[in-house]
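The listed protein sequences derive, respectively, from chains A and G. If you read the first sequence in this note's numbering, its first letter stands for residue 1, the second for the next number, and so on. If you read the second sequence in this note's numbering, its first letter stands for residue 472, the second for the next number, and so on.
Treat the hints with care, as some may be off.
Each pair of labels, with its calculated beta carbon distance range [claimed, not checked]:
| hint | chain 1 | residue 1 | chain 2 | residue 2 | range |
| --- | --- | --- | --- | --- | --- |
| 1 | G | ALA586 | A | GLU415 | 22 to 28 Å |
| 2 | G | ALA487 | A | GLU415 | 44 to 50 Å |
| 3 | G | VAL581 | A | ALA440 | 23 to 29 Å |
| 4 | G | ALA790 | A | LEU278 | 48 to 54 Å |
| 5 | G | GLU871 | A | GLU133 | 56 to 62 Å |
| 6 | A | ALA322 | G | ASP620 | 45 to 51 Å |
| 7 | G | GLN915 | A | THR404 | 52 to 58 Å |
| 8 | A | TRP337 | G | GLN915 | 31 to 37 Å |
Residues of chain G placed beyond 12 Å of chain A at every Cβ, according to the derived structure [unchecked claim]:
| hint | residue |
| --- | --- |
| 9 | THR518 |
| 10 | ARG548 |
| 11 | GLY569 |
| 12 | ASN579 |
| 13 | ARG580 |
| 14 | LEU745 |
| 15 | THR750 |
| 16 | GLU753 |
| 17 | GLY783 |
| 18 | TYR807 |
| 19 | THR817 |
| 20 | GLU872 |
| 21 | ARG878 |
Simulated crosslink set (DMTMM-like; lysine to aspartate or glutamate; CA at most 25 Å straight-line) [stated by the list, open to error]:
| hint | chain 1 | residue 1 | chain 2 | residue 2 |
| --- | --- | --- | --- | --- |
| 22 | G | LYS748 | G | GLU794 |
| 23 | G | LYS792 | G | GLU833 |
| 24 | G | LYS748 | G | GLU770 |
| 25 | A | LYS436 | G | GLU657 |
| 26 | A | LYS321 | G | GLU770 |
| 27 | A | LYS321 | A | GLU299 |
| 28 | G | LYS600 | G | GLU770 |
| 29 | G | LYS792 | A | GLU299 |
| 30 | A | LYS321 | A | ASP137 |
| 31 | G | LYS907 | A | GLU40 |
What the hints contain is simulated information worked out from the structure, not anything from laboratory work. The beta carbon of each residue, even a glycine, is placed where N, CA and C say it ideally should be.
There are 2 protein chains.
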Amino acid sequence: MVLTEAWEELRPDRNAVETVISALAAMVGNRLVTSQAVREQHGNTLTWVGNQPPDAVVFPQTTEEVQQIVRLCAAERVPVIAFGAGTSLEGQVNAPRGGICLDFRDMNRVLAVHAEDLDCVIEPGITRKQLNEQLRDQGVFFPIDPGADASLGGMAATRASGTNAVRYGTMKDNVLALKVVLASGELMSTSRRAKKTASGYDLTRLIVGSEGTLGIITELTLRLAGIPEAISSGVCPFPSVEAACNATILTIQSGIPVARIELLDALQVRASNLYSKLTLPETPMLFLEFHGSDASVAEQSQRFGEIAQEFGGGPFDWATKAEDRSRLWQARHDAYWAQRGLRPNTQPVATDVCVPISRLAECLTATQRDIAESQLLAPIVGHVGDGNFHVGLLVDMNDEEEATRVRSFLERLTERALAMDGTCTGEHGIGQGKMKYLPAEHGQPALDAMRAIKRALDPLDIMNPGKIFSL
Amino acid sequence: MVLTEAWEELRPDRNAVETVISALAAMVGNRLVTSQAVREQHGNTLTWVGNQPPDAVVFPQTTEEVQQIVRLCAAERVPVIAFGAGTSLEGQVNAPRGGICLDFRDMNRVLAVHAEDLDCVIEPGITRKQLNEQLRDQGVFFPIDPGADASLGGMAATRASGTNAVRYGTMKDNVLALKVVLASGELMSTSRRAKKTASGYDLTRLIVGSEGTLGIITELTLRLAGIPEAISSGVCPFPSVEAACNATILTIQSGIPVARIELLDALQVRASNLYSKLTLPETPMLFLEFHGSDASVAEQSQRFGEIAQEFGGGPFDWATKAEDRSRLWQARHDAYWAQRGLRPNTQPVATDVCVPISRLAECLTATQRDIAESQLLAPIVGHVGDGNFHVGLLVDMNDEEEATRVRSFLERLTERALAMDGTCTGEHGIGQGKMKYLPAEHGQPALDAMRAIKRALDPLDIMNPGKIFSL
Numbered sequence: 001m002v003l004t005e006a007w008e009e010l011r012p013d014r015n016a017v018e019t020v021i022s023a024l025a026a027m028v029g030n031r032l033v034t035s036q037a038v039r040e041q042h043g044n045t046l047t048w049v050g051n052q053p054p055d056a057v058v059f060p061q062t063t064e065e066v067q068q069i070v071r072l073c074a075a076e077r078v079p080v081i082a083f084g085a086g087t088s089l090e091g092q093v094n095a096p097r098g099g100i101c102l103d104f105r106d107m108n109r110v111l112a113v114h115a116e117d118l119d120c121v122i123e124p125g126i127t128r129k130q131l132n133e134q135l136r137d138q139g140v141f142f143p144i145d146p147g148a149d150a151s152l153g154g155m156a157a158t159r160a161s162g163t164n165a166v167r168y169g170t171m172k173d174n175v176l177a178l179k180v181v182l183a184s185g186e187l188m189s190t191s192r193r194a195k196k197t198a199s200g201y202d203l204t205r206l207i208v209g210s211e212g213t214l215g216i217i218t219e220l221t222l223r224l225a226g227i228p229e230a231i232s233s234g235v236c237p238f239p240s241v242e243a244a245c246n247a248t249i250l251t252i253q254s255g256i257p258v259a260r261i262e263l264l265d266a267l268q269v270r271a272s273n274l275y276s277k278l279t280l281p282e283t284p285m286l287f288l289e290f291h292g293s294d295a296s297v298a299e300q301s302q303r304f305g306e307i308a309q310e311f312g313g314g315p316f317d318w319a320t321k322a323e324d325r326s327r328l329w330q331a332r333h334d335a336y337w338a339q340r341g342l343r344p345n346t347q348p349v350a351t352d353v354c355v356p357i358s359r360l361a362e363c364l365t366a367t368q369r370d371i372a373e374s375q376l377l378a379p380i381v382g383h384v385g386d387g388n389f390h391v392g393l394l395v396d397m398n399d400e401e402e403a404t405r406v407r408s409f410l411e412r413l414t415e416r417a418l419a420m421d422g423t424c425t426g427e428h429g430i431g432q433g434k435m436k437y438l439p440a441e442h443g444q445p446a447l448d449a450m451r452a453i454k455r456a457l458d459p460l461d462i463m464n465p466g467k468i469f470s471l
Numbered sequence: 472m473v474l475t476e477a478w479e480e481l482r483p484d485r486n487a488v489e490t491v492i493s494a495l496a497a498m499v500g501n502r503l504v505t506s507q508a509v510r511e512q513h514g515n516t517l518t519w520v521g522n523q524p525p526d527a528v529v530f531p532q533t534t535e536e537v538q539q540i541v542r543l544c545a546a547e548r549v550p551v552i553a554f555g556a557g558t559s560l561e562g563q564v565n566a567p568r569g570g571i572c573l574d575f576r577d578m579n580r581v582l583a584v585h586a587e588d589l590d591c592v593i594e595p596g597i598t599r600k601q602l603n604e605q606l607r608d609q610g611v612f613f614p615i616d617p618g619a620d621a622s623l624g625g626m627a628a629t630r631a632s633g634t635n636a637v638r639y640g641t642m643k644d645n646v647l648a649l650k651v652v653l654a655s656g657e658l659m660s661t662s663r664r665a666k667k668t669a670s671g672y673d674l675t676r677l678i679v680g681s682e683g684t685l686g687i688i689t690e691l692t693l694r695l696a697g698i699p700e701a702i703s704s705g706v707c708p709f710p711s712v713e714a715a716c717n718a719t720i721l722t723i724q725s726g727i728p729v730a731r732i733e734l735l736d737a738l739q740v741r742a743s744n745l746y747s748k749l750t751l752p753e754t755p756m757l758f759l760e761f762h763g764s765d766a767s768v769a770e771q772s773q774r775f776g777e778i779a780q781e782f783g784g785g786p787f788d789w790a791t792k793a794e795d796r797s798r799l800w801q802a803r804h805d806a807y808w809a810q811r812g813l814r815p816n817t818q819p820v821a822t823d824v825c826v827p828i829s830r831l832a833e834c835l836t837a838t839q840r841d842i843a844e845s846q847l848l849a850p851i852v853g854h855v856g857d858g859n860f861h862v863g864l865l866v867d868m869n870d871e872e873e874a875t876r877v878r879s880f881l882e883r884l885t886e887r888a889l890a891m892d893g894t895c896t897g898e899h900g901i902g903q904g905k906m907k908y909l910p911a912e913h914g915q916p917a918l919d920a921m922r923a924i925k926r927a928l929d930p931l932d933i934m935n936p937g938k939i940f941s942l
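This is chain A alone, in the form it adopts within the complex:
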């Protein structure tokens, strides 16, 4: 594919930025903020990707305002970056070329709940916990749970998933339609509320995972699930990571509709015991959850217990009391903080490879060996039902020698996953942090196609520029 390489990658002229800021101030008053502190809070703050603040932050209240802001920015070729809860992990909210950050804090309403259709219509700034609080009394919930209390707009933009994905899918499976402000300022509806359609290109899935580079999401129609009649949870120890993986494969293959199946390696169990005051044996452990009718969760739990036993695991205790369940999953959700507790004052680096599940044990085992040989401290948690795991590297970034060891470990981890037909990112996205892996993962024709689509929809390269790939 022949592509014209004639795109300016420079930071816009300071005058252009000032023109936009003046116009925005006149338009939204004190909902425009340019203080250093607020700007820095709107760059990446969570991970080892550096902080690159925008030139200004604006808090839009309506889709029409978003359209006006984008039109102002487009006229001056000033970048626009959408911001939800700021929980992305690869620098997705950074402003490497400056520009205007749109913080969707004030656009967080539930616009409609259609319980009969198992869908709802929402604004992008609402977080998943806020949404589920508002849905609860209607007997429905939104199942995607990436751990952090992320905004739904951000979750769609990064194609998030998390612990429930093995049963309920990822954001790509749970967004029915989007309203998206394009680089032109026009408002595009990607689809309708029907549960399926074969009409035209799948613009919904094109926007999901595009990390704000093709447009800004201002409304989402989401699929919901009925709150299960019964939920059972439990933990199950295994003699090895391999045994835990093999039990997972057989569970999935047997058609047991497990809702969550999460691996903690022995080091992570130790970290969680310390942080969350648990008393689990410090051996590889699966955390599980089953959803269904009373009879069905009992059957699922029992069948899983039999499978675990086949691989030397168990005993599998399943507690259905809501408080036990909460405590367990709180510990799983706090894995990140527990990791930090193992080595205070270090910067955790989260990896995110995902491989075909048949290769997972091999990938995990080789990675643990690499961690040991590299003399790194790095517990592992994994959404093993999907073949996805996170190595939580605890790195003293002031120690250049250690940082170098970490960087070469990261290269080897990605190469290992790609060699197994896997991906460098199961759910965190590319942002800035993983851009370098794209050529090896996708190959030139796919990358050229992505760039051609980007240019077709954002010819001025103002939508979150410098993310996923540079033009």
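Assemble chain G onto chain A, guided by the hints.
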């Protein structure tokens, strides 16, 4: 969005076509066919959309051959049209501007089955029945069943679904990765075999449903499901279409993981009784199927029976004997032929609207009233779990007055569905037959975005031109 309108829509020069045909003859010998009969078989033959044959038909055997053919065609700006089993319903395989048809009959191998990962890698020409025959002894199956024994390449290209979609999703949910020959002749891999990824734009979903207008699929990686331990099927009569719809809504909402839930209206039941020698009461009827463990299908069936009773339906007899089940689903699959039996020598016209399930009863009831008022003969079958139904219009196309009544009925049906936030096509796709509905369904910004993507990936407009939209 400003777009340049400078695209030639003319049929290529006859010399250009002759140049390509000569080069192809030299390349593939007698795997190039130009006879009138074969050319006509490769245009649309099944529906009331007219037959527009290609200039030649070629039977490629490898991806490299497909790349060479596309490069030859691109050099002369000659259209290329992919052909699987020819079962599409909206003229997707027609050649309105002539060109070269690539019939994938000879590319029908299963390249790999990864039972542990629940996926397989296949060539596009294999049909779903052929695939499932080859998968069966490994305990896995490909669940998407559009009725016709379509090719998997065609099913992906049209985003097909069918009776199992309520549980297993559509082609968009069951394609993991594709290899696609682009308009440049380059081979693009859309993704990898990992079950989920957040890396870059979702090219897989962009190609699924693009009806050959963005590239030609030469390899598919598909998600598979484990063959259920137990299957139960049954039929359940209802006093009205509305009662059947309400029972369906409550079934889905209750989280009963029904595998198939199909509505036949009273007229369709009569047609099927006659054609398939059944003795069902001629009243609206749901055909159901449940997949799971023995205990689970028993529980699902029982719970559905209770719901049916709540809405005045039943009795619900569930037969688990494989032969009873086959007979029932054979009758459902033969619905099209049964419809024809109601009025021989007519041309059936299949509609395909899909609406949010809460509006389904209203949409169906209004449609039945419209059928009666329009004095048309038109049984209805519906994938009601998804809100999708097909009106099978039996039309004497030689009667111009009747054809006019049918055309205005079709307009009203689509308007009705769109007014309910539905789509003109749940699963058949746009092809040529539904192009006129796109502006009303998608709005100008979305259509402009689709056209911009098409131009970005196929600047010469050689990939199945004149489908979905004209440039």
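Evaluation of the provided hints:
no. : hint                                : in the structure
1   : ALA586(G) <-> GLU415(A): 22 to 28 Å : holds, 27 Å
2   : ALA487(G) <-> GLU415(A): 44 to 50 Å : holds, 46 Å
3   : VAL581(G) <-> ALA440(A): 23 to 29 Å : holds, 28 Å
4   : ALA790(G) <-> LEU278(A): 48 to 54 Å : holds, 49 Å
5   : GLU871(G) <-> GLU133(A): 56 to 62 Å : holds, 60 Å
6   : ALA322(A) <-> ASP620(G): 45 to 51 Å : holds, 49 Å
7   : GLN915(G) <-> THR404(A): 52 to 58 Å : holds, 53 Å
8   : TRP337(A) <-> GLN915(G): 31 to 37 Å : violated, 48 Å
9   : THR518                              : holds, 15 Å
10  : ARG548                              : holds, 15 Å
11  : GLY569                              : holds, 24 Å
12  : ASN579                              : holds, 23 Å
13  : ARG580                              : holds, 19 Å
14  : LEU745                              : holds, 31 Å
15  : THR750                              : holds, 33 Å
16  : GLU753                              : holds, 29 Å
17  : GLY783                              : holds, 19 Å
18  : TYR807                              : holds, 18 Å
19  : THR817                              : holds, 25 Å
20  : GLU872                              : holds, 30 Å
21  : ARG878                              : holds, 20 Å
22  : LYS748(G) <-> GLU794(G)             : holds, 15 Å
23  : LYS792(G) <-> GLU833(G)             : violated, 35 Å
24  : LYS748(G) <-> GLU770(G)             : violated, 30 Å
25  : LYS436(A) <-> GLU657(G)             : holds, 22 Å
26  : LYS321(A) <-> GLU770(G)             : holds, 24 Å
27  : LYS321(A) <-> GLU299(A)             : holds, 17 Å
28  : LYS600(G) <-> GLU770(G)             : violated, 30 Å
29  : LYS792(G) <-> GLU299(A)             : holds, 24 Å
30  : LYS321(A) <-> ASP137(A)             : holds, 20 Å
31  : LYS907(G) <-> GLU40(A)              : violated, 49 Å
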